[in-house]
Every structure is written in C-alpha cells, then in structure tokens.
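Following the hints, complete the assembly by docking chains L, G and A onto the known chain Z.
There are 4 protein chains.
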Amino acid sequence: MIDFGNFYQIIAKNQLAPWLETLPAQLSTWQKNTIDNRFNQWINSIDHLPNITPDVLDLLHSVTAKKHQPLSEGETKRITHLLMSLSPWRKGPFSLYDIFVDAEWRSDWKWQRLTPHIGSLEGKTVLDVGCNSGYHLWRMIGAGAKLAVGIDPMPLFLCQFEAIRKLLGNDQRAHFIPVGIEDMPKLNAFDTVFSMGVLYHRRSPLDHLYQLKDQLNHSGQLILETLVIDGEEHQALMPGERYAQMRNVYFIPSIPTMVNWLTKCGFKNITVVDISKTTLEEQRKTDWMTSDSLIDFLDPNDHNKTVEGYSAPMRAVFIANK
Amino acid sequence: MIDFGNFYQIIAKNQLAPWLETLPAQLSTWQKNTIDNRFNQWINSIDHLPNITPDVLDLLHSVTAKKHQPLSEGETKRITHLLMSLSPWRKGPFSLYDIFVDAEWRSDWKWQRLTPHIGSLEGKTVLDVGCNSGYHLWRMIGAGAKLAVGIDPMPLFLCQFEAIRKLLGNDQRAHFIPVGIEDMPKLNAFDTVFSMGVLYHRRSPLDHLYQLKDQLNHSGQLILETLVIDGEEHQALMPGERYAQMRNVYFIPSIPTMVNWLTKCGFKNITVVDISKTTLEEQRKTDWMTSDSLIDFLDPNDHNKTVEGYSAPMRAVFIANK
Amino acid sequence: MIDFGNFYQIIAKNQLAPWLETLPAQLSTWQKNTIDNRFNQWINSIDHLPNITPDVLDLLHSVTAKKHQPLSEGETKRITHLLMSLSPWRKGPFSLYDIFVDAEWRSDWKWQRLTPHIGSLEGKTVLDVGCNSGYHLWRMIGAGAKLAVGIDPMPLFLCQFEAIRKLLGNDQRAHFIPVGIEDMPKLNAFDTVFSMGVLYHRRSPLDHLYQLKDQLNHSGQLILETLVIDGEEHQALMPGERYAQMRNVYFIPSIPTMVNWLTKCGFKNITVVDISKTTLEEQRKTDWMTSDSLIDFLDPNDHNKTVEGYSAPMRAVFIANK
Amino acid sequence: MIDFGNFYQIIAKNQLAPWLETLPAQLSTWQKNTIDNRFNQWINSIDHLPNITPDVLDLLHSVTAKKHQPLSEGETKRITHLLMSLSPWRKGPFSLYDIFVDAEWRSDWKWQRLTPHIGSLEGKTVLDVGCNSGYHLWRMIGAGAKLAVGIDPMPLFLCQFEAIRKLLGNDQRAHFIPVGIEDMPKLNAFDTVFSMGVLYHRRSPLDHLYQLKDQLNHSGQLILETLVIDGEEHQALMPGERYAQMRNVYFIPSIPTMVNWLTKCGFKNITVVDISKTTLEEQRKTDWMTSDSLIDFLDPNDHNKTVEGYSAPMRAVFIANK
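Residue numbers (our numbering), protein chains in the order written: chain Z, 1386 to 1707; chain L, 1386 to 1707; chain G, 1386 to 1707; chain A, 1386 to 1707.
Misleading hints may appear alongside valid ones.
Which copy is meant is left open, because identical chains are indistinguishable; a pair holds if it fits in one copy or across any two.
[Said to hold, decoys possible] Simulated pairs of lysine to aspartate or glutamate, EDC-like, Cα-Cα distance not exceeding 20 Å:
| # | residue 1 | residue 2 |
| --- | --- | --- |
| 1 | Lys1509 | Asp1440 |
| 2 | Lys1670 | Asp1493 |
| 3 | Lys1649 | Asp1440 |
| 4 | Lys1598 | Glu1458 |
| 5 | Lys1509 | Glu1693 |
| 6 | Lys1598 | Glu1460 |
| 7 | Lys1598 | Glu1693 |
| 8 | Lys1398 | Asp1615 |
| 9 | Lys1662 | Glu1617 |
| 10 | Lys1398 | Asp1388 |
| 11 | Lys1649 | Asp1599 |
| 12 | Lys1398 | Asp1432 |
| 13 | Lys1598 | Asp1681 |
| 14 | Lys1417 | Glu1406 |
| 15 | Lys1598 | Asp1568 |
| 16 | Lys1417 | Asp1681 |
Everything labelled a hint here was simulated from the structure, so no lab data went into it.
Bound-form chain Z, shown alone (with noise of 0.2 Å):
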C-alpha cells in the first residue's frame, strides 16, 4: 500500500485543491487493481529499506545522500539489494550512501542541457509529466522548486520513487502520481511543465500539447522534449512497428513541425533550446539495467541509423508559454 495522505495534504490548501475531487478515488481504484504478486514484492522491498536521514543531501548538482558515517559493509549489501530487485533501472543517477544506483540513462546530462533555458523554478509548484523513477523531480527540488509532482502510470516507477524518497529522508517535496495526463482534470494551476520523452509516443500529439497546456496556470512554462527529425515544415516521421526498437511510436516531428504544432495549440513565445543526437554514454547499458540499451537499437554498421533504417535518435527541447 502506497499512502497518497501526505499529498492529499499538501493539495488540500493549494492551487492544486480542485484535483483531490478525482484523485483519491481513482488512486483507491487504481490500487485495487495494481495489487499484485511482483507489486507485493516491490511494496516489501521498500518496506525492509531503512528509515534514514542523510546528513547531507545534494539535490542541486546530482541526488546525493551521505552520511558522515558510511554506513556498514551489511547495510550497504543489503540495501543494494533491496534497490537492485527494483531494476530496471531507466532513469538516474542516484547515488545513496556511496551506492551508485547507474541507470540506463544519464538524466542528470539531460537535465544539465536544459537547466540555463528554462525559468527559474524558485518556489514553484511543478509537474512532471511521464517522471519514470523520478529523478528529475528531485533534481527540480534542488532547483528551488517548492513542490514538484511527477505522473507516470508505471507501478514500478512508483515503487522506485518512494524508494528513493524513503532513502532521501522522507522528503515530502516530491510527489508520484500514478496517473496519466488523460485522467487528470484541466487544474490549469502548474507553474512549470515538464514533458519530457513522451511526445512521440502519443497517437494524438496535439492532444497531448493541449493536456499539457490544461496543465499550465495563465503565464506557465512548458519544457517539452521530444524524438525530432531534421526536416522542413510539415514532415514528421511516421515510423512502422517499431522505431529504434521501441513500439508505440507515432508522430516524430521536424523542429520547424514541432514549432508549428506548438503554434497552432496556442502556446507562446516558442524557442528551441538544445538539439542533441543521443550518445552511447548516455544511454547504455549497466548493471542496473542489463537488457538491449541503445548500442542494440543502431545499425551496427551505421550509428547514423536505426536497426530499422531511420535516422539515429536526436532530441530537442523546447520551450514555451501558455
């Protein structure tokens, strides 16, 4: 059981309050459904990990735990177990009391990339649409935010977000919601929204900016980032089946697309702040995450292209206001 109390707290006596007319309810749905034999088994793992409250915490430069005491050989082994049986590991790095959680990506660049363009997230309330582990939820923290939600309807993302948090000191900055922007009602309340990695995976792309937009109070920021391709107005790729892999790809657009595509939601003031071909040091494979990683989605004999033919994955993000 995972306990929503703490947010529903917070929300109660915030510009968030209209979500708590939908929320619990769903979530006690949700739950309902979600119990399971390998949600159990995540559920007990964060369970057995330690109560802890770091003597220093760096959220501003990485997500970094210490204590000025390292903590025992036995309690290093055990709670890296505990985080390993919460692998895959997609999004990271966090490093806990001198365990180095690797993930298959380094999020932390990504994050570094966009942090001089975006505005200032001092004191901000902020949403984090399609969080997965978390990561950059505590890295907003560390930026200022004063409360940062996350949504991703993945059980075990949850699970590796309350691990965490539990090993961050019970810090109540941060909040996951298993949910998707579809289930969300219009709060139209956020200050920052982060869409990060999602587009491309939405049948309706336009639908997704104008979720993302309902999200947004009247002079909010929108961060997207997104799968582009190079090309003119109006080309987006429509990949087959599969694209580097991945199924559910739909729509990848050309940046002047993407702008277009922004434009026509009604979002202003659209710039584009980094274009960056995904490298095989930032996405790859590691001890916790030990499946197919990006070096098996390229050609092997051309990283210029897709094991299906398409052009290697490059990303940018961009900014806008509601």
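Okay, now just chains L, G and A, sitting in the frame of chain Z:
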C-alpha cells in the same frame, strides 16, 4: 465560498480518509448548486464577523466565549446584527462575548439529559447526523472529542456553524459537512454516532439505522434520539400530512418498537436512557426564532395533544452498540 | 443468452420508450454477471425444448396449451424432464400438452380471488412486480392485456418463464425483465401495476409504495397483495430473524396500517378486496417443489401460529388508484 | 421532437443491437440540450411539409421523387418555402416534385467518382460519418444498401435529412443519428464505413482512423475522402488559423502519408481511387446557400492557391479493408 480544505487535511491521514474518494466532488457540486442571493448574504455576514480569539472558552458546561476586556458597544451591536441576519436559530444557546444567541431549543438541556449515559468522548472521532447549527458538536468537543463532524444538508445551518466557529477563534476541532447521511460512503470509522431528531423524518427508519451503523467502527456507540409514542411492541404512529405542524413525519415508534427495529438492524446492548415530554420551556419562540414554536403546535385546550390531535411530542434517547 | 430484442422493439414505439434509456445497458451487465454453470444449464434446457405451437391456448381460465394430436410418450417424457430441470416451481400450475406443472402455489386461486375486483385489463399495459415464474403474466394476457411485463431479479424464474413462453408458441405478449423495481426509471406509464407478495420483504414499505406509484400512469390502478396481521391502525409486526421460516421479512402491517401507508403515499380510492388465511391446499409440497412448504412453517400443534410463534400467514389484497 | 423509435426498432434485432446500450440515453440528453428557438422552427417546417408518397423514386442516379400528377403551384411554393427555411443546404442536389434543391456542393459528382471503385452495397449495413444533409445516405440506399446510418452532430443537418425523408414517402431505410463518432460504442458491425470530408477537421487523424475501424465488421470496407497535399511520405500540412477560410483544419496529409497512417492503424488493401481538385462548378454559391463559397476562398489572382496562400483544395479517396 466555504473552504473545506482544513477538513480534507485532517481526514487525509486519519480513519476517515476514504471519504476523500467522494466528498470533494460532492461538495464542489454542492457549492455550484447552492450559490444564490440568500446564501451569498449569509457568507457575507460571516466575512464581516471579526477575527476574534476568546480569552476564555467554555465548551464543557455551555458554549461560551469571552474576552477579559468586554467588546465595545459598537462591536457588540455589529456582531449581534450579523448573527441576527443568520436567523432563525433553532438550536443553541450560544454565549459569545456577552451576546446571548437564544435559540428556539434549549439544546443544552437535551445534552445534559443524555451525557451521563453515553460512553466517554475523550479522544473520540464522532459524527452528529442532522446537526442543525452544530450546537452539540461544540459540546462534544467540550466533552473531550478529538474531532466532531456534523452533517446536515441545510445551507443556513452551515453558515450558522461557520459564524460560531469564527467567533470561537476559528476552532478546527469541529466541522460541518453539508451532505445527507445517504450521500456518505460506508466509513465504518466513527467511535460515536449521534442521530437526534432525524429518524421520524425518514421514509425508511430501518434504512436510517443501517446507514448509522455503516458509519460506526466495530465497537462504536450509537446515540439515537427520536419522537416516540406510548405503546406496545409493533406500534408506530404514522401521522397524516402533519404532526405538530411538521411535514414529512413518517414513523413515530413506541419504545419497544424502536428497540425491536434496532435489534432487527443488528445493534447490541440497546438501552433507553431518557424519556421526556418536550416542555414549553425547552422549545419556544425567542428573539432569534420569531415564528411559531411548540405552544402553537399544541391543542390550546389540551397540551397533551398536538393541534392535529396526536399525542404531544415525547422524546426518548436510545443507546446501542454496533 | 436471453434475447431481449423483441421487448426492445415493442417498447421503442410505445409509452415505455424511455425505459430504453437505461434497460439495455442494465441487461447487458446483468447477462455478463449472471453467466454461471447453473444458468447455462437452464438456458440449455430451454434450447432443447421443442418449438411448438398450441392448437388450443387457454389463458383465461388457466394456463393451458394443447395440441389436437397428443404428443408422443417420448416427447412428453423429454419435455417433462427439461421442465423438471428448472425446479423448484413455486408459482403455477401450468398445463402444457397434458404435462401438469404442479407448482408449490395454486396461484390460480389467488388470481380468482382478486380478478372480480380489479379494473378491466382489456387492451392494458400492465406490470407485475416480483412476478416469479410469470404465471400471472399469462393470466393478465388471458384477461385481455395488450402487454404484460413482469420483473423479478431471479435468473431461475426468468428461465421458467422463457420455457413456458416457448411452449406457448413463443408468445410475445408477455415479457420477463430480470431487474428489481428500484432499478427502473420512473415510467409513469403502466395502466395497472401488481405487487403481490413483495411488500413485507422490503426494508422500506413506503419506498416500495412510491416506486409502484412511479410506474403507474396518472389514472392507473395498483393491486397490492401482502401478508397482514390482525390489528389496529399503527400496528405492524416486525418479526425477528425469520417469519414462517422466511428470512428478510420486515414490516407486516395490519389492514388499517396498510391503508394508512397507501394514503400517506398519495394513493386514492383504497379498498381491501380480499383477506384470506393461506391454506395447506393452496401452498404445499409437490413433485415440482420438493422442499419444505407451509405445513413445515406452521406450529405442528397449532396451525394458527408459525413455528416462530407469530400468527399464521394471512394475506390481503388492496386496490388503489394513483 | 424527432422520434428515433423506428431506428431503435430496426437495430433491436440486428447487428447494431449493442448500440441500444448507450444511444437512447445520449439522444434523450441531446434532445433536452438542443431545444431552442431555431431548432423548434426547423421542426415546425418539417411538421408543415405534406405527407406525400412519390409515384417515382430514383435514388440510383440522383435523389429524385416525382408524382405522376404535378403538384399545384401553391403546394410547390409552400414546400419550396419550407425547405428554404432549412437553408443553408450544403450537400445535394435533391429533386423533389420538380423542386430542385441546388445545394452548395454537387455531391452527386463525388458519388459518381467513387462509386465504381467501392465494393457492392447490395444488402449492406453502412455508416456515413459526417453525413451532412444525408445526401449520400439516399444514394447508398439507391445502390442497394439495406440500412444506411448517417451520423453528424449538427441539428440543422438532421432537420434537412428529416425533411427529405418525409418528402421521399417517410422512407425508413436511411437514418440520421445526431452524434459524433467519438460518442459511439465500438460496434464492429458495419459492412462499409464512409468518412468524407472529416479527417482534416480532427485534431487526431489516427484516433479518427481507429474510430472508423472500430465500426467496421471484420472484413468491412472503409471509404475515406480527405483533403490532401502534393508531397512525399511523412509530409502533412498543418495550416494556421484558417485553410480556405475554414477554421479547425489540422492535418492535411500527402497521399503517401495518408497511406502510411492507414497502414499504421492496421488497415489492409489500401488504394487511392480518385484524386481531384475541387472545381468552381462542384462547390459554389446557389439560391440554397447564399454565403461565400469556393470562389471566395481562393486567391483571386491564382486559383491554385487559397486566400491564405496554401495549395488550393485537392481531395483524394482512399479505400481500405479492416
């Protein structure tokens, strides 16, 4: 606008938490449907009441708030006027900084009659169904209850309650929720449930008893007060269109019938702790309730009969366990 | 699978049309939830019954279907076997091609007692609440009703009804809808509504009366049959756990109490047209209902008492107008 | 009031029966929300049209109804006036007793272009999504369809359809249901589904394609007509606020992009059977549609461009199987 956020915060982490699955949506709808001129004026009256903290607060022997320094005459006049604008006051009395809100009913007398017989309220979470102005909620707090929740669908009573709350120093130990018991989920969570003056207004007394049971925790105590008639088991008066000028009076049971009903619904340890004819001193016209009262509902030639010819009001208090 | 399409076709263009707004969805859910082994076997029995059209069909004096040419012995055995597989039969009897389905109750006797007193059913659209096997539905058709609708939530009774319907030549003038009256919209559309043997099984007799009223058109007639006790106005027996071995018996009113309730609910022209003690000839064990019957529910030493010591079953028929 | 009872009767016993689980409730709500002055006037116009049965009815080559005996001049004037009150007529033409309803579009030309390419409609149950006045529904009946169902949320179009139906002799082979495709359950039941002139108005073309697929039976045929652009695979024009003065235009795909989308959604046997620039003869202002038409939407100096500078409207017809 009434803000229920404080209540949501309280229940988010206690045994009433499942109520969050339905209540915020219901109250949001309720607020939309309730906004009318009268309601806005009442809210306005509450808003104009001063934020005031009593130096002395007695909820044990009465509902009395005092300042060491008496209010100015102007202040007293203004508060009196604002409270008068929330008339008629049916349940009281309240003594607020030397303003005596003399309601139609001496609800303190009723409290005095039943309080020696009920289980201790110390630290309890209690529910008062049909709580009217909320008079008894404050007395429950005075008797040690940790949280007193009153429900009643009437908007005026909510406003009377909120006015009193403000003058008691914005006390958050009692809360008024404007719903009917039939709108509540089966919480099975209250230590004590009061239903006073409600049963004979229900088309289905048994359903009312089951609804009360569904709010009690496994060893919870019910305090039920209702009109009764003299009579044998299996007798229950169903008056015609009116009883003592009240519409919507359905079943008025004899005492053995009431015991029988409670038994049928699975209640245990049923006892009758008080039987009282309502006197002309307990229910009467005052400056705060200026329309007809008991004297007008009785046969002028025979105070043992109502104007319709039924037995004059007699009330009994039953105590039972789930 | 029971196909309700014929019924939907009939009501699509008559005064019951608003029922289409809720019924198909309800019955679709019902079908999904009802499928179990027993139900499938009953459906199987119906499917194996022959498609047969009677040469003589009497629904006026009894429910009797005949062929000029008697069925073969094998055919008779087979049909008898299939109908037996739908036991127990509580309401009857049915005479089908010389097979006599001798149900527990002589429901024809009840029909005979009340039929002289009720308004003509000629051309009427009628509802039978708690219709059991549907015996009276066919008699209503025999009495001239244009459409007879029975409701009862029990799947076995639906199957009994459909078996009889098939053997009556797939007659489409009567229909059985497996819902409770509380699941019906307020149709205000039936000329006559029957509620026989239902009221004392309801926790709330008044709500039952209002529900019946909500099905009648503005000048419609109610025929209500219920257990009654000897007694004064304001008397109603509420038995303990069982009455004549039946569970779920709530209020058994005296006749003046029943009249009082009908009046309270706004019925007019209330009359009592029959009061009968149930006899051991009318309700008894047969080959088609082999478990305990009335004889077993009465005190062996005093047939005026039930085994629980209450007055033995007495039933009255009330007629009233909306 | 439009009575959908005839339609409910038809579907109660055919493969569309599951639609009864949602449609009557939807249409009841729709009727309540749609009643306004204009709608009442349109209904009034329909009511005043004569009940008339054509001696000659041609739905194969056109939509033409005739009497052997011509109507009187007064009758002709009256009908013309009533039909004019249902203007603007966008899709036609209809020839009714020598009254020629000359709509903005020569929808017969479009029909002529596509009809040689589609599977036989003989005995088929077909759906026309976005059916406008229902012109093509009658042509589908003319081509042998057993039942033609049109959906379109616009109340005026429903009234135009019902007016035509009445003048065609109250023909019950075609039906207009005022809902959007997103409001339909997944019927998987139509032999042929038409979507003409709809796709580019949808925020999510893929969701539209999936919705169409969900209405087709397992071997059903889709006929999809849409605006297209010249261009390569992965190109789709998203115009700014307006395209040819139309608001709410989202994706206008190239032909290979459209094929790609259909493939992505799992359609088979995809072919393009017609590509046509819309001519000024096919879409133009008439007495029955007196506001701006195509000529006004094109660049006056270059009819190959819209006033906004995009390529002038070109439309293609795609055929595919589920």
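Verification of the hints:
{"no.": "1", "hint": "Lys1509 with Asp1440", "in the structure": "neither (25 Å within a copy, 39 Å between copies)"}
{"no.": "2", "hint": "Lys1670 with Asp1493", "in the structure": "within (16 Å within a copy, 61 Å between copies)"}
{"no.": "3", "hint": "Lys1649 with Asp1440", "in the structure": "neither (49 Å within a copy, 53 Å between copies)"}
{"no.": "4", "hint": "Lys1598 with Glu1458", "in the structure": "neither (48 Å within a copy, 54 Å between copies)"}
{"no.": "5", "hint": "Lys1509 with Glu1693", "in the structure": "neither (42 Å within a copy, 41 Å between copies)"}
{"no.": "6", "hint": "Lys1598 with Glu1460", "in the structure": "neither (45 Å within a copy, 49 Å between copies)"}
{"no.": "7", "hint": "Lys1598 with Glu1693", "in the structure": "neither (34 Å within a copy, 27 Å between copies)"}
{"no.": "8", "hint": "Lys1398 with Asp1615", "in the structure": "neither (46 Å within a copy, 51 Å between copies)"}
{"no.": "9", "hint": "Lys1662 with Glu1617", "in the structure": "within (18 Å within a copy, 25 Å between copies)"}
{"no.": "10", "hint": "Lys1398 with Asp1388", "in the structure": "both (18 Å within a copy, 9 Å between copies)"}
{"no.": "11", "hint": "Lys1649 with Asp1599", "in the structure": "within (15 Å within a copy, 29 Å between copies)"}
{"no.": "12", "hint": "Lys1398 with Asp1432", "in the structure": "between (29 Å within a copy, 19 Å between copies)"}
{"no.": "13", "hint": "Lys1598 with Asp1681", "in the structure": "neither (36 Å within a copy, 35 Å between copies)"}
{"no.": "14", "hint": "Lys1417 with Glu1406", "in the structure": "both (19 Å within a copy, 14 Å between copies)"}
{"no.": "15", "hint": "Lys1598 with Asp1568", "in the structure": "within (14 Å within a copy, 24 Å between copies)"}
{"no.": "16", "hint": "Lys1417 with Asp1681", "in the structure": "neither (37 Å within a copy, 46 Å between copies)"}
Checked against the numbered hints above, the structure violates hints 1, 3, 4, 5, 6, 7, 8, 13 and 16; every other hint is satisfied.
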